[in-house]
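Engineer: Work out the full structure: start from the sequences and follow the hints.
Those protein sequence lines, which keep their order, are chains C and F.
Numbering that gives the first Met the number 0 puts the first sequence at residues 0 to 167.
Numbering that gives the first Met the number 0 puts the second sequence at residues 0 to 421.
Since the hints were made in silico from the structure, they are not lab data.
A quick note: this is a predicted structure, and the numbers were derived from the prediction, not measured.
Glycine included, C-beta positions come from ideal geometry on N, C-alpha and C.
Treat the hints with care, since some could be wrong.
Partial chain F-side listing against chain C, Cβ under 10 angstroms, derived [what the hints assert, rightly or not]:
#1 F48
#2 K153
#3 C274
#4 H277
#5 N323
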Amino acid sequence: MSKENISGDVTLVRVDDIDTDQIFHQSLLTIHNPEEIKPHIFGNLEGFENFGKEDNSNKILVVGKNFGKGSTRQQAVTGFLAHKIKAIIGESFGPIYYSNAVNAGLLLVEVPDIADFVIDVDDELEIDISQSVLLNKTKNAQMKCKKIPQPVLDIMNAGGLLKLGGRF
Amino acid sequence: MKGFTLVEKIIKSHTTASEEEIFPGNIVWINLDLVTARDYAGPQVVDLFQKNYPDSKVFNSNKIIFTPDCYPYGNDPKHAVDQEKIRVFAKEHNIKVTDLGSGIGSHLLFRRGFSKPGDIAFGADSHYNILGALGILGLGAGDVMLAFAMKTGKAWIKIPETVKIYLEGDYSWPTSSKDLALYVLKQLHEYGITGKSVEFYGNIISKLSIEDRVTLCSLITEASGMIGFVPQDSITADYYKKLGIEIETITADDNANYSSELTIDIEDLGMYIACPPHPHNVKPIEEVVDTPISSIVVGSCTNGSYTDIHEVARVLKGRKVDPNVRFGIVPATREDFVTINSEGDMSVILEAGGNFFGTGCSTCAKGQYGLTGGKTAVTLTTGNRNTQGKIGPADVYLASPAIAAATAIEGKIAIPKVSEEK
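Structural biologist: Set out below in structure tokens:
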């Protein structure tokens with residue numbers, strides 16, 4: 000992942016302060032199987048209740064600020080991996096959500112000025128990881144993203160944090 | 000010499016990284032003093048551990064605790080299976096379990112002295128950062144991080160920026176530390192502290208009990224912050240002395256590097272309520288007074304301590320709960336339960352029409368008292384989240400224990416009457 004570029008079509012959920020209870024509701028916490036988590040994603044987010052049942056594979060999800068604030072539940076990350084979402088791009092992420100995503104291999108990209116970036120559904124985006132640039136190929140526009148720290152890339156390239164358990 | 004903030008100092012003492020590597024934004028590996036999990040994430044942590052590290056031992060069985068605090072009663076067959084998985088694993092690895100009736104894990108860490116100032120504790124609870132109230136770097140973590148931590152005793156952390164906050168002024172009853180916490184949450188959410196650490200200073204701090212400090216620090220998560228610290232003082236030292244634990248004082252350096260400083264004026268602070276649909280949607284009580292409420296819950300890691308329940312008794316004494324209101328109290332820990340019983344608060348509340356439920360996380364977690372159905376069951380809780388749809392389909396308000404009690408009497412949001420106590 001360190002050299003590769005990631006590209007995909009956009010799916011938009013541009014809502015700020017999305018809490019983990021809106022991503023995967025607390026009443027479902029005994030569900031752990033990724034395929035069973037999948038249909039419930041955003042099930043408690045007004046206007047996006049059907050997201051979980053739609054085909055989002057290979058998409059790049061664009062969100063607002065403070066995405067994933069709230070609880071520590073891993074399912075709120077697992078569900079997007081089950082959907083085969085390639086990356087989530089947002090202004091900022093809750094700190095626990097950020098580490099949960101990295102540990103499980105879900106790429107999060109912070110773009111501080113994302114609110115000013117014109118993006119429509121199905122636009123083709125490309126994330127240039129080494130240059131820290133977000134490209135909207137459909138609109139021929141680009142924007143700077145925050146550099147993804149090398150240790151984060153190392154964890155993701157290893158296939159997730161658990162793979163590093165033998166090194167310590 | 001380079002100066003360090005509190006969070007940087009604690010990280011520095013738990014890593015092999017050099018001083019030069021301790022700066023905001025950098026990622027370092029840290030050694031953990033304590034790793035815990037509770038009953039909703041714990042079973043998955045056990046599954047991940049066994050799948051990825053078959054036949055392995057945990058890094059140190061004395062540094063792991065399971066703290067079932069969401070639904071340890073076995074009130075659902077699926078939960079019962081999950082809980083037993085934790086107990087079996089704990090027995091096999093000689094790990095402590097604070098089981099049924101013990102209460103909220105984050106509170107047990109300080110109530111029972113499992114964790115002390117300067118320590119780093121990771122747990123499956125996004126409000127582990129309440130431990131910042133005691134100078135402990137407590138952080139919530141997901142299943143993957145915890146399974147890894149139980150194997151290695153390590154975790155990674157992105158060193159946060161620190162914001163220095165001065166709370167200027169003072170307030171008096173019925174304004175409480177919950178009103179302070181809500182007011183500060185509103186300011187910090189607007190200010191923007193995503194992923195950051197904050198340190199609280201000001202004359203008010205020396206007037207806040209450990210329980211008040213926990214309440215203050217408990218809403219940092221709702222502002223998307225990493226943790227809020229109340230720097231250690233004699234109140235912290237006395238608290239641990241009573242537990243028979245001597246603590247080493249850790250303070251931020253005078254020349255520490257703060258990303259910004261913010262003064263919040265709390266002189267004559269009023270009362271505040273978090274309104275739907277977000278905890279940070281905080282308004283003065285006057286704007287929502289008289290809103291009809293039918294379900295009230297006092298509890299959670301934010302306001303489930305004996306001091307909070309005492310506030311409820313103080314307002315309810317000699318009065319009755321409106322018969323249309325369901326009023327439940329969920330003490331945070333067994334220690335809190337024992338205290339409210341011995342001090343008479345329990346009988347005052349029971350005689351007034353209140354109800355007690357077993358210790359634990361109350362409405363913030365799955366499986367406990369207080370969930371509602373339908374659009375008419377409007378809730379007021381002393382908890383920390385009112386996310387739309389979390390407790391039920393209807394609106395949820397967050398407020399102090401005194402406001403909760405006054406509201407229970409009136410059946411609508413009410414201002415607590417001035418106490419007759421002197």
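Engineer: Next step is simple, just say for each hint if it's right about the structure.
Structural biologist: Results for each hint:
This hint holds: F:F48 has a C-beta 9 angstroms from the nearest C-beta of chain C, less than the 10 angstroms allowed. Of the supplied interface hints, the one on F:K153 holds, with its beta-carbon coming within about 6 angstroms of a beta-carbon of chain C, less than 10 angstroms. The closest approach between the C-beta of F:C274 and any C-beta of chain C is roughly 14 angstroms, which is over the 10 angstroms cut-off, so the hint fails. The beta carbon of F:H277 comes within 6 angstroms of a beta carbon in chain C, closer than 10 angstroms, and the hint placing it at the interface holds.
For F:N323, the shortest C-beta to C-beta distance to chain C is roughly 26 angstroms, which exceeds 10 angstroms, and the interface hint is violated.
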